[in-house]
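Asks: Build out the structure end to end from the sequences listed, making use of the hints.
Residue numbers (numbering that gives the first Met the number 0): 0 to 576.
Wrong hints could be hidden among the right ones.
To be verified - Distance condition first, Cα-Cα at most 20 Å in a straight line; then the derived EDC-like pairs of lysine to aspartate or glutamate:
id, residue 1, residue 2
1, K180, E102
2, K98, E87
3, K441, E429
4, K451, D270
5, K384, E369
6, K275, E367
7, K98, E173
8, K380, D270
These are computed hints drawn from the structure, not numbers from a lab.
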Amino acid sequence: MLHESLCHLPVILLILWVSGIFGDFSTRLHILPQDILVLYFLRKCPCGAPILKEVALLPPINAYFKNNDSRPKLNELPLCRRFAGMDEVRRAKLQELRKLGIEPYPTEPFPTNTTAAEILRSYPQKKSEFKSVRLAGRLWRKRLMGKASFAVLRDETGDIQLYFQRDTFAEKPEWYDVVFKKLLDLGDIIGVEGFVFTTKTGEITIHVEYFRLLAKCLHNLPIEKATEEKTYAALTNPELRYRMRYLDLIVHLEVREIFRQRTAIVQAIRDYFNEKGFLEVETPILQSVYGGAFARPFTTYHNALGMELFLRISNELFLKRLIVGGFTGVYEFSKDFRNEGIDRYHNPEFTQVELYVAYQDYYWMMEEVERLLERVVRQVKGTLKVKYGEYELDFTPPYRRVRYYEALEERMGRDVRNLSEEALIELLREREVPLPEPPYTKINLIAQLFDKLVEPSFIQPTFVLDYPLEISPLAKRHRQAPELVERFELIVAGKEIANAYSELNDPLDQRARLERQAALRAAGAEAMPLDEDFIRALEYGLPPTAGLGLGIDRLAMILCNVRSIQEVLLFPLLRPQ
RNA sequence: GUCCCCAUAGCUCAGCGGUAGAGCAGCGGAUUCUUAAUCCGCGGGUCGCAGGUUCGAAUCCUGCUGGGGACACCA
0 MLHESLCHLP
10 VILLILWVSG
20 IFGDFSTRLH
30 ILPQDILVLY
40 FLRKCPCGAP
50 ILKEVALLPP
60 INAYFKNNDS
70 RPKLNELPLC
80 RRFAGMDEVR
90 RAKLQELRKL
100 GIEPYPTEPF
110 PTNTTAAEIL
120 RSYPQKKSEF
130 KSVRLAGRLW
140 RKRLMGKASF
150 AVLRDETGDI
160 QLYFQRDTFA
170 EKPEWYDVVF
180 KKLLDLGDII
190 GVEGFVFTTK
200 TGEITIHVEY
210 FRLLAKCLHN
220 LPIEKATEEK
230 TYAALTNPEL
240 RYRMRYLDLI
250 VHLEVREIFR
260 QRTAIVQAIR
270 DYFNEKGFLE
280 VETPILQSVY
290 GGAFARPFTT
300 YHNALGMELF
310 LRISNELFLK
320 RLIVGGFTGV
330 YEFSKDFRNE
340 GIDRYHNPEF
350 TQVELYVAYQ
360 DYYWMMEEVE
370 RLLERVVRQV
380 KGTLKVKYGE
390 YELDFTPPYR
400 RVRYYEALEE
410 RMGRDVRNLS
420 EEALIELLRE
430 REVPLPEPPY
440 TKINLIAQLF
450 DKLVEPSFIQ
460 PTFVLDYPLE
470 ISPLAKRHRQ
480 APELVERFEL
490 IVAGKEIANA
500 YSELNDPLDQ
510 RARLERQAAL
520 RAAGAEAMPL
530 DEDFIRALEY
540 GLPPTAGLGL
550 GIDRLAMILC
560 NVRSIQEVLL
570 FPLLRPQ
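Replies: In structure tokens:
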């Protein structure tokens, strides 16, 4: 062996020499196509030992001489190989089922009488009630062992083990051997009927006596597997999860739980408001004048009217019109649309619930928010202490209350109200806070300081109250300080989740403040347009009113302990593919 | 809108100039208490798209598309 290799040495040296002619050999130690050509002509080592045979499998010659069509054509392969790993395997099984007279998408219903969770919860106490169960869901795992097999069924409520035994199977044995073992795939939707028992290892299991295919699944499912030592991740790519949310929901029971909780949050809020006698209403999404918030709107076009319309950025002005109209408490779960950037706290369409209650003020509303959240958090989480990331948030009222300027002074170590614009800009630079959008007004700079330095520091539920008048054009002047308004925000985990005022009901003041906004708008700033009809409504008399906006997505993020808003939106906005 | 990172098998990822890899899923076989079933065998890819550099590109460069993160806007 050794001497054979040695006798190839001259050939190898020849190769190196020829290669040197073709290119910069010093940078590589690999065999090139031209090397192979040399070998091809030499064929044999001077000692007589064949060379080409040994070299023939080297990569370049493979590429060099290989006929591209030498591989078997796809349709020449037997079916089982041709479509291995592809959806077509399942398509073929579907045809096979039809041949056996089994419709893969039957019309007949399959009424169930229990669920996986129900069996797991109640069977140990009430064994006699589970002699004949019917349930339906996806076939989730198969552990085939010859004449008996285990499988897992996943229904809406969770997973339960199935047991199939050839000899006790009610149908013909072929149903076990062919239909169950060969033609059913993971992900297929089936209905099963049988009795519940406990295995030797203590797992509650359905002994299946009859099953029915209800819908064939034509895709391979990414199925998660996990043990103590190791987890085989299934579907973690966020893009795929959001684009194919149905798949995400099939695979991840915890994702289903997030959306159940989101719905539970909405229901708890609705229940609370309804018990209070507030009226749930619906107001226009398509508006010819938008308002109620600072935001760029989406525009659309009405063909018959021949006019531009806006998707609402807020429903505030409509709800106040309803209070003018005589309702004392109205609320709406409002999907609002804002034409702004997308990040983990912002989606272009999002949901808030807004509530307006006549004859109340923001102090009353603060207590109302505490009572509401106490109820909602307890109902959804079963406790008032909620884990959010590294924090444990405590929703037990009362929440800390801190005035806007006092919080700012506490954080900055001095009162910033008397500083000049230049001094404020300097202060922002000093604290490494990016400058806001120009024009730089005192109030914009102060608001930037507050938003960047103060707000994120409130982790536990905290009311910040008495905001500057300039940044709150719809809130009533503070009863003691005319440069402030009666407004609060609720901050949790450093983010605003609610915003409320004693609503401005002085039509003259409101007109002046909105005209000021209109002037700012004309100067290029983001500000509210003037809604003449809204002013007119106020002129008819809005009772003293407390108003609230509560961000449902943000609240859901906190209560579900997720860090991105996309996790609490079933179908977050993504670019189309 | 700006900057940084990512895109390889159905899924999760490795490879980062020299024949495209693993685990899970899939296919064939064995298996009547398994549970990540196990054991034996097998297949699976336009390496996001388009150019460029190179004898040779999944790998290096440029552009594009999509996503993630940060910033800006905003809630």
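Asks: Taking the hints in turn, state whether each one holds.
Replies: These are the hints, each one checked on the structure:
Restraint check for K180 and E102: the C-alpha separation of about 17 Å stays at or below 20 Å, so the hint holds. For the suggested pair K98 and E87, the alpha carbons sit about 16 Å apart, so the restraint of at most 20 Å is met. Between the alpha carbons of K441 and E429 the distance comes to roughly 16 Å, so the proposed pair stays at or under 20 Å and holds. Proposed proximity of K451 and D270 is contradicted: the alpha carbons are some 36 Å apart, above 20 Å.
For the hint linking K384 to E369, the alpha-carbon distance of about 14 Å falls within 20 Å, and the restraint holds. Taking the CA atoms of K275 and E367, the gap is near 11 Å; set against the 20 Å cutoff, the hint holds. Annotation: proposed proximity of K98 to E173 holds, straight-line Cα distance about 14 Å (limit 20 Å). For the hint linking K380 to D270, the alpha-carbon distance of about 16 Å falls within 20 Å, and the restraint holds.
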